[in-house]
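Those protein sequences? They're chains A and B, same order as listed.
Quick note: the first sequence uses the numbering used here, first residue 1, plus one each step.
Quick note: the second sequence uses the numbering used here, first residue 1001, plus one each step.
Please keep in mind that the hints were generated in silico from the structure rather than gathered at the bench.
Check each hint, because a few of them may be wrong.
[Said to hold, decoys possible] Taking lysine-lysine and the DSS-like style, the derived pairs with C-alpha atoms no more than 27 angstroms apart in a straight line are:
id : chain 1 : residue 1 : chain 2 : residue 2
1  : A       : LYS16     : B       : LYS1180
2  : A       : LYS16     : B       : LYS1222
3  : B       : LYS1222   : B       : LYS1179
Chain by chain, the residues run as shown.
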Amino acid sequence: MWNMFRTKPSSREVAKGRLHLVLAHDRAGLEGGKLQEMRHEIAAVISRYVPIDIEAVEIQIETRSRATELRVSSPLPIRGG
Amino acid sequence: MGRAIVITSGKGGVGKTTTTCNLGAAIAQLGMTVVLIDADIGLRNLDVVMGLENRIVYHVVDVVQGKCTAQKALIKDRRLENLWLLPASQTDDKDALTPDDMRKLVGELKATYDYVLIDCPAGIEQGFKNAIAGADEALVVATPEVSSIRDADRVVGLLAAQDIPTRLIVNRISAQMVKKGDMLSQADVIEILALELVGAVPLDEHVVASTNKGTPAVLEGKSAAAREFARVAKRLVGQETEPVGETSGGWFSRLGRALGLSPASAA
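Using the sequences and the accompanying hints, generate a full structural model.
Okay, here's the thing in structure tokens:
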């Protein structure tokens, strides 16, 4: 949504965002580049079963409290009739 | 039987030694007997921060190697009746000690003294492993900065792997900077590290001055940092029930309630 009051995030918010990402990678022991490699491989596997847009496959590491979760999402095409 | 607490952080320069010095002095002021161990072999500093550098005769490596007893190596602080320092060796390296040596030494000291505080070296290698070996619990010191918190998180993981209960001290917080949005708040740090907070020490120039003199800030009077170190000491020994204060308010009260603490008053 368009927000006329939107301002640049404070350095405090930037630090928080960066830490969440860095710690998710650190805790999983997974470099950001490796994660992208994994995304490509997972997308290739999915595409062997379902025709998907490989570039639309997303991969994320999320961390809440001390639990870390790997999330892969891919839009699936609706089968044409 | 005493309690052994390791003060650690991963990153260097965040205030481990200052925290060890002040908590040690503050717990001693409460009437408990306290031994401080400098576990930073080769880069000792707790002696100068305490102002006891001119009285060292023996050190922790001498004790472990059987050259003298622990009692003989302990330096008694003359300002406080019940505070002692076991200094590190400046000439050996981290390999001069093993985790087993430390477990044995700390166990021996715990039999005589109420509290054994271990000042851990920076890093996560041999020196860290030695320092945590004999500890019943850990205090992780972090400043509200990305690098410090990242390193603290690594250390928290390593402590959890050893089943060492761990709590957090956020050091050098500036309420004004938090308010301006230029510093992570203590609530931010708690949220990210998912640890119980035991102290939030304000950025305070008195600490620099007391370190210059080699006098623990808690012995110097009522600076903001000294007051908080004294409160942390009370929390550690179970004398303080008041929750840790907040620098920004709002969010923290909700977190506090979620953790079962009563809402903190905004400082």
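Honestly, which of those hints from before does the structure not fit? Per hint list: single violation, 2.
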